[in-house]
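There are 2 protein chains.
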Amino acid sequence: MKTPVLALTIALVATLPSSAQAPLTSWQDSAPKQAITAFVTKVTTKDSPDFVPPAQRIAVFDNDGTLWSEQPMYFQAFFAFDRVKALAPQHPEWKDKEPFASILKGDLKAALAGGEHALLELVIATHANTTTEEFDQAVSSWIATARHPQSGRLLTDMVYQPMLELLAFLRHHQFKTFIVSGGGIEFMRPWAERVYGIPPEQVIGSSIRTRYELRDGKPTLLRLPEINFIDDKAGKPVGIHQHIGRRPIMAFGNSDGDFEMLSWTTSGQGPRFGLIVHHDDPTREFAYDRSSSIGRLDKALDAAPSNGWSVVSMKNDWLSIHPPKAD
Amino acid sequence: MKTPVLALTIALVATLPSSAQAPLTSWQDSAPKQAITAFVTKVTTKDSPDFVPPAQRIAVFDNDGTLWSEQPMYFQAFFAFDRVKALAPQHPEWKDKEPFASILKGDLKAALAGGEHALLELVIATHANTTTEEFDQAVSSWIATARHPQSGRLLTDMVYQPMLELLAFLRHHQFKTFIVSGGGIEFMRPWAERVYGIPPEQVIGSSIRTRYELRDGKPTLLRLPEINFIDDKAGKPVGIHQHIGRRPIMAFGNSDGDFEMLSWTTSGQGPRFGLIVHHDDPTREFAYDRSSSIGRLDKALDAAPSNGWSVVSMKNDWLSIHPPKAD
Numbered sequence: 001m002k003t004p005v006l007a008l009t010i011a012l013v014a015t016l017p018s019s020a021q022a023p024l025t026s027w028q029d030s031a032p033k034q035a036i037t038a039f040v041t042k043v044t045t046k047d048s049p050d051f052v053p054p055a056q057r058i059a060v061f062d063n064d065g066t067l068w069s070e071q072p073m074y075f076q077a078f079f080a081f082d083r084v085k086a087l088a089p090q091h092p093e094w095k096d097k098e099p100f101a102s103i104l105k106g107d108l109k110a111a112l113a114g115g116e117h118a119l120l121e122l123v124i125a126t127h128a129n130t131t132t133e134e135f136d137q138a139v140s141s142w143i144a145t146a147r148h149p150q151s152g153r154l155l156t157d158m159v160y161q162p163m164l165e166l167l168a169f170l171r172h173h174q175f176k177t178f179i180v181s182g183g184g185i186e187f188m189r190p191w192a193e194r195v196y197g198i199p200p201e202q203v204i205g206s207s208i209r210t211r212y213e214l215r216d217g218k219p220t221l222l223r224l225p226e227i228n229f230i231d232d233k234a235g236k237p238v239g240i241h242q243h244i245g246r247r248p249i250m251a252f253g254n255s256d257g258d259f260e261m262l263s264w265t266t267s268g269q270g271p272r273f274g275l276i277v278h279h280d281d282p283t284r285e286f287a288y289d290r291s292s293s294i295g296r297l298d299k300a301l302d303a304a305p306s307n308g309w310s311v312v313s314m315k316n317d318w319l320s321i322h323p324p325k326a327d
Numbered sequence: 001m002k003t004p005v006l007a008l009t010i011a012l013v014a015t016l017p018s019s020a021q022a023p024l025t026s027w028q029d030s031a032p033k034q035a036i037t038a039f040v041t042k043v044t045t046k047d048s049p050d051f052v053p054p055a056q057r058i059a060v061f062d063n064d065g066t067l068w069s070e071q072p073m074y075f076q077a078f079f080a081f082d083r084v085k086a087l088a089p090q091h092p093e094w095k096d097k098e099p100f101a102s103i104l105k106g107d108l109k110a111a112l113a114g115g116e117h118a119l120l121e122l123v124i125a126t127h128a129n130t131t132t133e134e135f136d137q138a139v140s141s142w143i144a145t146a147r148h149p150q151s152g153r154l155l156t157d158m159v160y161q162p163m164l165e166l167l168a169f170l171r172h173h174q175f176k177t178f179i180v181s182g183g184g185i186e187f188m189r190p191w192a193e194r195v196y197g198i199p200p201e202q203v204i205g206s207s208i209r210t211r212y213e214l215r216d217g218k219p220t221l222l223r224l225p226e227i228n229f230i231d232d233k234a235g236k237p238v239g240i241h242q243h244i245g246r247r248p249i250m251a252f253g254n255s256d257g258d259f260e261m262l263s264w265t266t267s268g269q270g271p272r273f274g275l276i277v278h279h280d281d282p283t284r285e286f287a288y289d290r291s292s293s294i295g296r297l298d299k300a301l302d303a304a305p306s307n308g309w310s311v312v313s314m315k316n317d318w319l320s321i322h323p324p325k326a327d
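Going line by line, the protein sequences match chains U and E. Anchor point for the first sequence: position 297 equals 297 in the numbering used here, and the numbering is continuous, going up by one each time. Anchor point for the second sequence: position 327 equals 327 in the numbering used here, and the numbering is continuous, going up by one each time.
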């Protein structure tokens, strides 16, 4: 027979949410995990001098390279390439125009040779001239089956298991979690809620302009071939301010594109936390930093110690990288 | 002695939130209240064919004329006028330049004679060239004491009691409530949480551009004298899409500036709700509609019946207008 105290203890433990029972199980018990849990404890402890009311517990996360992989190239570029193929019948002129011609020939390296300008032209051509609802549908259908060229896994399974646990852990402690990404806001929203538990209104990203108009008498938002906002580098604090309207207390990134977001977050008054995911695991994921054209991490890595930012070694600090394979 | 059942009942009732005990007490039991409660019941009842999951329960509210008064002019204009006086010593050129000269002479009618262009110039001159934190401070100090020229009450007491009850009622039923206003996003955020229970990240409004820069090595967001976004008329669905990323299921407005927001919201699939606050109470508030330069209600009023939008008569449908006076 159980004693009443033991029975009560079992009953209490059984009703705790799983994130509280087993927080951050894919994290090695090393410095980054200890820093995260110490920070969360101090800002959520009522009598702590560092207590932060729930409404101010804002945590911002970069997406590419921080919540999911970004190699061999940003996953949104795969979407753009597939859109070029899908839309090609309506654009006979693409056969002779770069970067479209190279994509249609399957030469992605040549397609990317035009640099940022070619990439921007590509995104606008493949992301505009639809209604917002048509675009949502296009992304949703594509992401349901799109797979990584090397692992063969669904792109939505190329997320980082330790970061999924971290998102749940923070939300359990009444944090509001936001994505703040250089990627397209409308590219992320259709699946961010299902994959990360982050609703559309907490996704911030780059955007093109939209225009309200009646189509056959029906209210419609049309996506225009014009850039509205680039949510990268110094644009990240601007996007955070525009959407959230207060300074986050925690920020998570992986590249120099997150430097200003980390600086803005951690230079505020009161307790602040910054963390960089360092891709140093060539066996289980990828290894790249200072000289990579995608996700370059150089200035932010140098600045981490003096700013008190934690640096996660994916190789040493994470027990697993991606969620276990279901198939 | 109370019976155990009675004691339990009392204990249960005592722990219910006040909004559930007494919903919408300032609303007459007439058509608008009945429409609101019937809609909320059907979208929150699990087995209803119209059930809407909590994550999709998005309700959007115009601010000026819908949540608080807007006569004899938008309250943000009072702020701009007071800022002109406060900033005048740094701007000797304003003595000879309209609309500043008239404001400094106390002739507000002449100041407004320049129409929308003059008003825009006024807003930019008085709302830019500060950091975001300085501007937040300026609004917060001003709103703490700013009073209505006719009632003498604090502007934050010129809110509508029935709408405060409605906001609480909807949140009690797991709605997320957003402000979608033509007013300045940074003018509303410093007090919307205290007054309406709406956090900064759920406030959408017009904005000027900001730029991230280091000032004495400190990360700063500087407010630039350039319009970023006008959140009015056809801009409202654009602002909603940019910030929320999904179509609301309820929309509340009071003027033609809300026409497109109401149309966008109520033309979506599934259960939708639109409501217009009609200012027809010259005794307790103000009476204006088709011919008013502020809060003109003409096209939207005509469109209400065919769109199924409720129209609130402030005179007949509201038992009280503003919260009771504390002083």
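Quick caveat, the hints were computed from the structure, so don't treat them as lab data. This one's a predicted model, so the numbers in the text were calculated from it and none came from an experiment. One or more of the hints may lead you astray.
Since copy identity is lost for identical chains, a pair holds within one copy or between any two.
[Said to hold, decoys possible] In silico lysine-lysine, PhoX-like type, Cα no more than 25 angstroms apart, as pairs:
no.: 1; residue 1: K299; residue 2: K218
no.: 2; residue 1: K85; residue 2: K33
no.: 3; residue 1: K218; residue 2: K233
no.: 4; residue 1: K299; residue 2: K105
no.: 5; residue 1: K218; residue 2: K95
no.: 6; residue 1: K176; residue 2: K42
no.: 7; residue 1: K325; residue 2: K97
no.: 8; residue 1: K109; residue 2: K42
no.: 9; residue 1: K325; residue 2: K95
no.: 10; residue 1: K46; residue 2: K299
no.: 11; residue 1: K176; residue 2: K105
So, going through the hints one by one against the coordinates:
1. K299 <-> K218: For K299 and K218, the Cα distance is within 25 angstroms only across copies (17 angstroms; inside one copy 49 angstroms).
2. K85 <-> K33: Answer is neither: 44 angstroms inside a copy and 53 angstroms across each miss the 25 angstroms cutoff.
3. K218 <-> K233: Between copies, since 16 angstroms is at most 25 angstroms while 38 angstroms is not.
4. K299 <-> K105: Neither way: K299 and K105 sit 37 angstroms apart in one copy and 54 angstroms across, limit 25 angstroms.
5. K218 <-> K95: For K218 and K95, the Cα distance exceeds 25 angstroms both inside one copy (35 angstroms) and across copies (50 angstroms).
6. K176 <-> K42: Within. Shortest intra-copy distance 17 angstroms satisfies the 25 angstroms Cα cut-off; inter-copy 29 angstroms does not.
7. K325 <-> K97: neither (40 angstroms within a copy, 70 angstroms between copies)
8. K109 <-> K42: neither (49 angstroms within a copy, 54 angstroms between copies)
9. K325 <-> K95: neither (39 angstroms within a copy, 72 angstroms between copies)
10. K46 <-> K299: Neither: 37 angstroms inside a copy, 52 angstroms across copies.
11. K176 <-> K105: Neither. Shortest intra-copy (44 angstroms) and inter-copy (48 angstroms) distances fail the 25 angstroms Cα cut-off.
Violated hints, in rising order: 2, 4, 5, 7, 8, 9, 10 and 11; the structure is consistent with all others.
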